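Here the protein sequences line up with chains A and B, keeping their order.
Numbering of the first sequence is given in this note's numbering, commencing with residue 14 and proceeding in unit increments.
Numbering of the second sequence is given in this note's numbering, commencing with residue 3 and proceeding in unit increments.
The set of hints was computed from the structure by calculation and includes no laboratory data.
Source: prediction; values computed, not measured.
One or more of the hints may lead you astray.
[What the hints assert, rightly or not] Distance condition first, Cα-Cα at most 25 Å in a straight line; then the derived SDA-like pairs of lysine to any residue:
1) B:82 with A:48
2) B:82 with A:148
3) A:253 with A:48
4) B:82 with A:52
5) A:253 with A:271
6) A:253 with B:76
7) B:82 with A:57
[As the list claims (entries may be wrong)] Here chain B is said to cover these stretches of chain A; the calculated rule only asks that three of the stretch's residues, wherever they fall, bring their Cβ under 8 Å from a Cβ of chain B:
8) 27-36
9) 49-63
10) 230-242
Note that beta-carbon positions come from the ideal geometry of N, C-alpha and C, so glycine has one too.
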Amino acid sequence: MTTSVLYDVPGPVTRRRANIGTAVAGVALAGLIVLILVQLADHDQLDADKWGPLFNPANQYFVAVWTALGGGLANTITAAALTLVFALVLGTLLAVARLSSLPAYRWLVVTVIELLRGLPVVVTIYFASRVLPEVGISLPPLWYLVIGLTAYNCVIIAEILRAGVAALPRGQAEAAMAVGLNRLETLRMILLPQAFRIMLPALISQLVVIVKDTSLGFVIFGFSEFVRTANTVIQFFGGKLGVNLALQMYVAVALVFILINYGLGRLAELVQRRLARGRRSAAEPTVGEATGGGISAI
Amino acid sequence: MDALINEFPRYWEGFLGTLRISLFAAIGALVIGTLLAAFRVSPLPPLRWVGTSWVTVFRNSPLAVMLFVFAFALPLVGVKFPTFGGNAFFWPGVTALACYTAAFVCEAVRSGINSVPPGQAEAARAVGLTFQQTLGAIVLPQALRTVVPPLGSVIIAMIKNSAIVGAFGVTGELFSVDAGNTALGYSALSSLTGVAIAYLVITIPAGLLLGFIERRIEVKR
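Can you build the whole structure from these sequences, using the hints too?
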């Protein structure tokens with residue numbers, strides 16, 4: 014607890030006050046939850062015919078609904094996986110270009126990175142989906158999402174790797190130079206492998222951002238990712254059966270995203286602890302969220 | 003580019019719309035986020051649960067899903083948002099953006115408070131400063147310096163996320179300028195390049211300003 018350092022160790026009076034406070038806050042919280050449930054019940058949002066299709070396997074629509082949602086989720090995960098692969102490759106190339114010594118490249122690379130980093134990712138996705146067909150490049154809609162996400166995430170990954178290289182002690186590069194490696198060899202054989210290692214937790218955190226951003230595929234006309242599929246199912250139930258599933262559906266969708274991303278977040282923490290314990294590299298691993306230079310994308 | 007030049011008044015309106023959404027959402031996010039940070043370091047477990055659940059839910063679900071929740075699910079349970087200039091999506095959008103960003107503000111503030119070495123407060127208590135003096139003169143000034151840079155990047159990211167609110171159907175935002183341009187017959191390339199430039203006009207100076215402030219207030223240890 015952070016505040017503990019601001020106080021002395023609590024005496025009996027403070028402890029009693031804290032216990033009273035806990036009881037009061039607990040009752041208030043319980044009251045709030047009851048209030049929300051009453052409000053839900055008042056608006057018929059707790060009915061079994063609304064929650065059943067999503068949460069009760071015995072419901073007649075359960076299998077059909079989740080088959081449809083599963084198709085959307087598969088598209089979402091495919092897009093996230095493809096984006097991760099392309100962004101890693103391009104991000105590494107960008108990082109190498111920025112760190113390689115030729116100033117003629119460097120300002121160009123820095124400009125590209127700064128421009129792409131300043132754009133909202135929903136704009137890059139929409140740009141890809143509207144402009145590419147206009148200039149005669151027609152692709153399946155999934156690819157517009159992948160291209161838009163990659164354009165943004167590759168520069169973030171380049172910056173993460175650059176921060177990783179910068180965090181290494183100078184001795185690493187100096188020793189590599191001393192044994193006769195040139196700049197590119199130093200980067201490829203000595204610096205980048207270590208940068209990947211210490212930035213692995215930050216890269217996993219970025220994967221969480223990518224998974225969340227796949228939901229922005231809803232701006233692409235005619236592309237059924239997870240959230241769009243969920244909306245289609247809501248419309249189907251509203252039109253055919255006259256049941257508005259919106260609340261229940263978004264709860265289910267949010268739960269799926271929270272499960273995936275919470276899992277990835279825990280994985281990042283685990284990797285960070287493992288790397289910190291068995292340190293074979295010269296610098297501290299970092300989760301890297303909200304660390305220097307405004308890398309964090311939320 | 004010709005869209006940006008010919009339709010400049012509409013881009014300007016969208017530009018102001020983006021700033022307006024960002025301003026409202028930033029105020030909301032900073033207030034809620036600071037409150038949540040206080041909850042998360044509180045000695046009362048129920049408050050810590052509220053803080054932790056909020057952060058877990060909003061940090062791990064996409065903003066787009068939260069927009070759908072605020073715009074379409076909450077009205078079903080009797081939460082009605084007022085319209086803003088005839089636009090029904092404005093307040094749901096701003097609220098969702100504020101609640102979402104608050105989770106990140108909370109984490110930035112909390113890690114800032116945690117970054118002050120315990121020895122600082124201990125030393126302050128040892129020389130006889132009261133709780134208020136310790137907090138006001140020793141801990142908060144140092145915490146503030148470490149909080150500002152991550153908080154700044156959270157707010158810049160929030161400005162970029164306001165585009166999602168625009169894509170969602172809040173007219174009078176930069177993203178929505180494109181729909182009008184398409185109706186007027188501009189090419190997507192021309193129209194969207196204008197949109198992209200307008201966002202960069204906000205985000206790049208904001209990033210430079212943040213870097214400047216960061217260097218000015220850097221803690222020399």
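Going straight from one Cα to the other, do residue 82 (chain B) and residue 148 (chain A) come out at no more than 25 Å? violated, 44 Å
Could you grab the alpha-carbon distance between residue 82 (chain B) and residue 57 (chain A) and see if it respects the 25 Å cut-off? holds, 16 Å
Can the region 27-36 of chain A be counted as covered by chain B under the rule of three residues or more with Cβ-Cβ separation shorter than 8 Å? The restraint on the region 27-36 of chain A holds, since 3 of its residues have a Cβ under 8 Å from chain B and three suffice.
Is the coverage entry for the region 230-242 of chain A by chain B consistent with the three-residue Cβ rule at 8 Å? holds (count 3)
Does residue 76 (chain B) lie within 25 Å of residue 253 (chain A) when you go C-alpha to C-alpha? holds, 22 Å
Below or equal to 25 Å on CA atoms is what counts here, so check residue 82 (chain B) against residue 52 (chain A). holds, 13 Å
Please work out if residue 253 (chain A) and residue 48 (chain A) have their alpha carbons no farther apart than 25 Å. With Cα atoms ~32 Å apart, residue 253 (chain A) and residue 48 (chain A) exceed 25 Å; violated.
Per the coverage rule (Cβ-Cβ under 8 Å, at least three residues), is the region 49-63 of chain A covered by chain B? Our answer is that it holds, as 5 residues pass the Cβ test (under 8 Å) against chain B, meeting three.
Please work out if residue 253 (chain A) and residue 271 (chain A) have their alpha carbons no farther apart than 25 Å. Violated - the C-alpha atoms of residue 271 (chain A) and residue 253 (chain A) are around 30 Å apart, more than 25 Å.
CA of residue 82 (chain B) to CA of residue 48 (chain A), is that 25 Å or under? OK: residue 82 (chain B) and residue 48 (chain A) at ~17 Å, within 25 Å.
Violated hints, listed in ascending order, are 2, 3 and 5; each of the other numbered hints is respected by the structure.
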